[in-house]
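J.: Sequence:
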Amino acid sequence: MSLIIIQQALAQAQEKLTAIADNPALEAELLLAHALNKPRSYLHTWPTQSIPDDALTRFQQNLKRRCNKEPIAYIIGAQEFWSLPLIVTPDTLIPRPETELLVELVLTTFPECDTPRKIADLGTGSGAIALALANERPQWQIHAVDCSDKALQIAQKNAEQLGFHHISFHHGNWCTALPETDFDAIISNPPYIAETEWAQYADGLAFEPYQALVSGKDGLEAIREISQAAAGYLKPGGALFIEHGFLQGAAVREIVAAAGYVSIQTIRDLSGQERVTVGYFG
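For the sequence shown, the positions run 689 to 970 when the numbering used here is used.
Hints may be right or wrong, so weigh each one.
Claimed, not checked - No more than 20 Å apart at the CA atoms, straight line, and that leaves these computed lysine to aspartate or glutamate pairs for EDC-like:
{"hint": "1", "residue 1": "Lys704", "residue 2": "Glu758"}
{"hint": "2", "residue 1": "Lys806", "residue 2": "Asp872"}
{"hint": "3", "residue 1": "Lys838", "residue 2": "Asp779"}
{"hint": "4", "residue 1": "Lys757", "residue 2": "Asp710"}
{"hint": "5", "residue 1": "Lys806", "residue 2": "Asp870"}
{"hint": "6", "residue 1": "Lys905", "residue 2": "Glu942"}
{"hint": "7", "residue 1": "Lys752", "residue 2": "Asp710"}
{"hint": "8", "residue 1": "Lys923", "residue 2": "Asp870"}
{"hint": "9", "residue 1": "Lys905", "residue 2": "Glu883"}
{"hint": "10", "residue 1": "Lys726", "residue 2": "Asp741"}
{"hint": "11", "residue 1": "Lys806", "residue 2": "Glu792"}
{"hint": "12", "residue 1": "Lys806", "residue 2": "Glu824"}
{"hint": "13", "residue 1": "Lys923", "residue 2": "Glu800"}
{"hint": "14", "residue 1": "Lys838", "residue 2": "Glu896"}
{"hint": "15", "residue 1": "Lys752", "residue 2": "Glu717"}
{"hint": "16", "residue 1": "Lys845", "residue 2": "Glu824"}
{"hint": "17", "residue 1": "Lys845", "residue 2": "Glu768"}
{"hint": "18", "residue 1": "Lys757", "residue 2": "Glu896"}
{"hint": "19", "residue 1": "Lys923", "residue 2": "Asp872"}
{"hint": "20", "residue 1": "Lys726", "residue 2": "Asp742"}
{"hint": "21", "residue 1": "Lys845", "residue 2": "Asp779"}
{"hint": "22", "residue 1": "Lys806", "residue 2": "Glu868"}
{"hint": "23", "residue 1": "Lys752", "residue 2": "Asp741"}
Derived from the structure by calculation, the hints contain no laboratory data.
Starting from the given sequences, assemble the full structure and let the hints guide the process.
T.: Okay, here's the thing in structure tokens:
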């Protein structure tokens with residue numbers, strides 16, 4: 689047993705994390721709780737408890753990784769989304785809070801809890817969007833697609849862990865992986881960073897999968913492909929929901945309109961930035 693107690697370890701870690709973390713106190717707690725295999729509440733209940741040597745070693749190793757700017761979600765292997773605990777790995781994009789807007793819009797568009805709907809989530813990654821919708825609408829038929837077999841395995845693990853058995857997973861590229869048509873909605877948080885702009889993001893996103901972030905010279909390649917292809921998979925009046933960068937709203941509206949969608953609108957996130965564009969086909 690080491691001579692370092694919990695409150696000392698937290699204080700030392702918090703000081704080291706101040707330079708890189710928005711919330712160093714929270715991150716210190718997450719790292720130590722993970723090393724101890726205990727809930728965060730344990731740290732507050734037993735602040736003077738000595739830390740076992742093996743746990744202290746894990747904590748110090750993981751703290752070093754975090755100080756090297758590795759995302760904490762990859763270090764602890766977990767990220768919460770829509771209040772659901774999700775497994776994440778470097779094979780999956782880390783779910784962002786702003787993507788919850790996408791979930792909210794789909795639920796608002798289809799508010800009838802008892803009406804069966806057929807929904808597709810393209811580029812599901814960890815499964816965050818599909819799982820959030822499955823949690824709120826257990827009667828929906830949800831199809832989740834990803835071109836990364838490793839990411840799809842993580843999404844399936846998350847579904848199993850949460851007990852969601854009404855999601856079908858498909859390996860492939862966007863709509864071409866879907867086994868059927870006539871969807872009520874097709875949803876995607878695709879890659880939307882331009883190749884020419886990657887350098888300015890690379891430092892903060894270096895640990896996340898490149899193919900889940902970057903899409904062609906202007907960042908809109910995937911959005912063009914999805915918008916055009918989804919038209920053949922939506923039922924008449926079906927909705928397309930696409931998350932995009934906050935400076936891409938006008939360009940995405942043009943792309944969606946050119947693909948034949950109507951009643952197009954872009955919704956702003958809590959920061960007032962254009963974040964999700966919605967269009968209806970037919």
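J.: Against this structure, judge whether each hint is valid.
T.: Each hint tested on the structure:
The suggested pairing of Lys704 with Glu758 holds, with an alpha-carbon distance near 14 Å, which does not exceed 20 Å. Distance hint between Lys806 and Asp872 is fulfilled; the C-alpha atoms sit about 5 Å from each other, no more than 20 Å. In summary, the hint linking Lys838 to Asp779 is supported, as the alpha carbons are separated by about 6 Å, within the 20 Å threshold. Proximity of Lys757 to Asp710 is assessed by CA-CA distance (about 12 Å); at most 20 Å being required, the pair is judged to hold.
At roughly 8 Å between alpha-carbon atoms, Lys806 and Asp870 fall within 20 Å of each other, so this suggested pair holds. In summary, the hint linking Lys905 to Glu942 is supported, as the alpha carbons are separated by about 17 Å, within the 20 Å threshold. Distance restraint check for Lys752 and Asp710: the Cα-Cα separation of roughly 17 Å lies within the 20 Å cut-off, and the hinted pair is therefore satisfied. A distance of roughly 4 Å separates the Cα atoms of Lys923 and Asp870; the hinted pair therefore holds under the 20 Å criterion.
With a C-alpha separation of about 5 Å, the suggested pair Lys905 and Glu883 falls inside the 20 Å cut-off, and the hint holds. Taking the CA atoms of Lys726 and Asp741, the gap is about 15 Å. The hint holds against a cut of 20 Å. At roughly 17 Å between alpha-carbon atoms, Lys806 and Glu792 fall within 20 Å of each other, so this suggested pair holds. For the hint pairing Lys806 with Glu824, the CA-to-CA distance comes to about 14 Å; that is within 20 Å, so the pair holds.
Taking the CA atoms of Lys923 and Glu800, the gap is about 18 Å. The hint holds against a cut of 20 Å. Between Lys838 and Glu896, the direct Cα distance comes to roughly 13 Å. Compliance with the 20 Å bound is thereby established for this hinted pair. At most 20 Å may separate the alpha-carbon atoms for a hinted pair to count; Lys752 and Glu717 meet this at roughly 15 Å. Between the alpha carbons of Lys845 and Glu824 the distance comes to roughly 19 Å, so the proposed pair stays at or under 20 Å and holds.
Distance restraint check for Lys845 and Glu768: the Cα-Cα separation of roughly 15 Å lies within the 20 Å cut-off, and the hinted pair is therefore satisfied. Annotation: proposed proximity of Lys757 to Glu896 holds, straight-line Cα distance about 12 Å (limit 20 Å). Only pairs whose Cα atoms come within 20 Å are accepted, and Lys923 paired with Asp872 is accepted, the gap being roughly 6 Å. Restraint check for Lys726 and Asp742: satisfied, since their Cα atoms lie roughly 14 Å apart, inside the 20 Å limit.
Between Lys845 and Asp779 the alpha-carbon distance is near 13 Å, which keeps this suggested pair within the 20 Å criterion. A distance of roughly 10 Å separates the Cα atoms of Lys806 and Glu868; the hinted pair therefore holds under the 20 Å criterion. This hinted pair checks out: Lys752 and Asp741 have alpha carbons roughly 17 Å apart, not beyond 20 Å.
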